[in-house]
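Visitor: What follows is the residue order along each chain.
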Amino acid sequence: MSTTTWGWLVLAFPLAGTLATALGFRRLPGRSAGWIGTGAIFLAFVCALGALISIQGHVPAHRELTSSLWSYASTTGIDAQMSILVDPLSVFMILVVSGVSTLIHLYSISYMEKDRGFVRYFSYLNFFVFSMLLLVLAGNFLLLIVGWAFVGAASYLLISFWYRRTTATTAGIKAFVINVVGDAGLVLGTYFIFKHTGTLDFLKTFHAVESPVHPAFGHGKDSGDLVAGCVLLLVGAFAKSAQIPLHTWLPDAMEGPTPVSSLIHAATMVTAGVYLIARMHPLFERAPAAQDVGAVVGAATLFIAGTIGLAQTDIKRVIAYSTMSQIGYMIMGVSVGAYAAGLFHLMTHAFFKALLFMAAGSLIGAMAGEQSLEKMGGFRKALPFTYACFIVGGLALSGIPPFSGFFSKDEILLVTGERGGWHWALYVVGYAGALMTAIYTFRMIFRAFHGEPVSEARELEGGHLHHAEVARNPATGEEEDTDVGFPGPTHAIAERALPMRIAMSLLALGAVGAGLIQIPKVDFIIDDFLRPSFATARGYEPHTKTGLLAIGLTLGTLIGLAGIALAYRVWVIGGRDAEGRFSVADAFRARVPGGEALYTLFLNKWYFDELIDALVVRPAAAAGRFGRDTFERVFVDDTLVGGTTGIVRAGSAAVRAAQSGFVRYYAALLVVGVAGVGFYFLLQA
Amino acid sequence: MSIAWYLAVSAIVFSLGALGVMTRRNPLVVLLCLELMLNGGNLALIAFSRMWGNGDGQILAIVVMTVAACEVCIGLGMIVAIYRRHLPIDVDELRELQG
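Residue numbers (the numbering used here), protein chains in the order written: chain U, 211 to 895; chain R, 997 to 1095.
Careful, some of the hints might be misleading.
[Claimed, not checked] Label-pair distances were calculated between CB atoms; the ranges are: (1) R:Leu1056 / U:Asp847: 24 to 30 Å; (2) U:Ala864 / R:Leu1056: 35 to 41 Å; (3) U:Asp847 / R:Arg1020: 50 to 56 Å; (4) R:His1082 / U:Asp848: 49 to 55 Å; (5) U:Arg874 / R:His1082: 20 to 26 Å; (6) U:Leu880 / R:Leu1056: 19 to 25 Å; (7) U:Asp847 / R:Val1068: 17 to 23 Å; (8) U:Gly883 / R:Ile1070: 43 to 49 Å; (9) U:Phe889 / R:Arg1091: 50 to 56 Å; (10) R:Ile1008 / U:Gly852: 52 to 58 Å; (11) R:Glu1089 / U:Asp847: 33 to 39 Å; (12) R:Met1074 / U:Asp848: 20 to 26 Å; (13) R:Leu1024 / U:Gln869: 50 to 56 Å; (14) R:Arg1020 / U:Ala885: 17 to 23 Å.
Note that these hints are calculated values from the structure, not bench results.
Heads up, the beta-carbon is just placed ideally off N, CA and C, and yes, glycines get one too.
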């Protein structure tokens, strides 16, 4: 089979899985929907492997293959096709997406088993993966926009999966609205790029940018259209990848089921922005201003998200902020030209972040749905497997060698440092973020697994899984039932569910070993594989200064270890309250200089929600009210609508008056009328 | 004899009928006057038929008579229905359809 046929098959299987589970909604018994969904994504992964093997058969210069199923519209100046682009970059993405998604599906079979919306869940989940695969395989801007919007819609469906929870539906709407802002950016960016190059096809666009035929834009010359297009593409990337200031939907998206959080964070959604920038690198390289915007925003996000992560107490939100922070590294990386490093980090992050979320899901299961770190503690003996997964994921996230996060994160920072100039500031911010990452990650682990066991942990050690007597919303404490639209009656833990253990074990292997495929100065598997996609990128070839490399690797290790040590000092050795535990908040306030004010700032997430509310939501609402009172009520309602109805009403009143009910009067009118008409014709003749 | 005489009689009969429809209040008389109008028309049709020397006008007159018969049937039926319901036999009193 040709390489592109594998590409089409990668898209076909998840779509078939979506349709099978959606149409067989009432006929699929037990867990069958879960196995169908998992099987569909697994087959997509197999086909992605097929594409990988197949693409190696081409010489490196000819590894960018397109295939078109049909043309939507083909007129002078526009060429819209249903076409995919299979090149090393998209093969890399479909491998990561389908591989991690398969494991998340497998995990979900156990995790969602008792949920009444089991079949619906897998239909949505397959659709989500299909959308993401469509996004990364798209061969032109139109299909990219379609995949982009599908991902937003699928995230809405899954975040508000428990649709009777008001907090979940609100979070879903928030995610959708912010993603639509990004969609608008992407569409407008596409417009500017189309204006600049005159084509929608990716390869033709890149070709047009690289070898300009129009004298108006010389090679390497900065063009206003291109910069505007790239900045607008960045808006789309920021919204999808939860970068400041369009990040506020991501922590709220934790309202969805935990495997969904895992999917959004690891494989399907937030990486789309990173992919977009990497895919559009020929454009971004000719719009250095847009690259700088991306780099600065990425750095700001990684830092701010890190600080917020220090103060949050909801375990899923802590991991969510760590995702924001890690995506910040990736965005920064691909924006400064560290494409391979950024994508490498995307892959290792997919492994350890999916692992961390799955472990968190298991822990939440043991707490019967409770997510607050303040109420957890001492689960080390009760959940040994989950604990081990948390440690592996945490070490990878903190960048401790030889775990995978170590190599990928340091490579991004290395390339950033090599750019020199003001990029050194980003370099420093990156290492500050790394320190915070280690602190909040291990704060979370020590807090949940060390110290005195809480009652749930003791119960589990005794062999009984705790069940809440009354199901409650973990965010608000409202009482719930366990029917469809709310979480199911029982929860799953990895220690007792084989599919969850398999999924987590495989991801743990990835989190430990994935870093070894690209070690600076030793092997360059990712670099070599992706090179054909970045053939024209400037500075793609590594020319690493050994000194900086050694400093970076040492610094990264030391900072990671220091963060863990600090967390250990504060949350394990540090003071304890009467129950033998140390409150997360108290520890922060007591031990950080100026802690009270900073703590409030971090706890309230730097007031971004309030800022957006004050800057966008309220002015928009006020403008809406003003428009309603001045324009709509007066002009539309009274003049246009009121005027039309007034005319009709007056006319009908006049006609009604003629309807007197006197038959003789009607007859007289008739006679007079006929006589009038006759008279008229007589006069005419 | 000129066709004008026929047409004059026809017009007189038609006008008398129309006047009756407009002035009389008894539905029975109104129906009679309607018949007058129709027959005024018939007279004109037959006169024209004679003038052209073919049967078209006569055929049309027979159609009009048929219609008139139907109309009388319905009209008389309505009058009987009005009578049975003890409603006034007066077209001016029957004005529930006013706007």
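Visitor: Which of the listed hints are broken here?
Guide: 1, 7, 8, 9, 11, 12, 13
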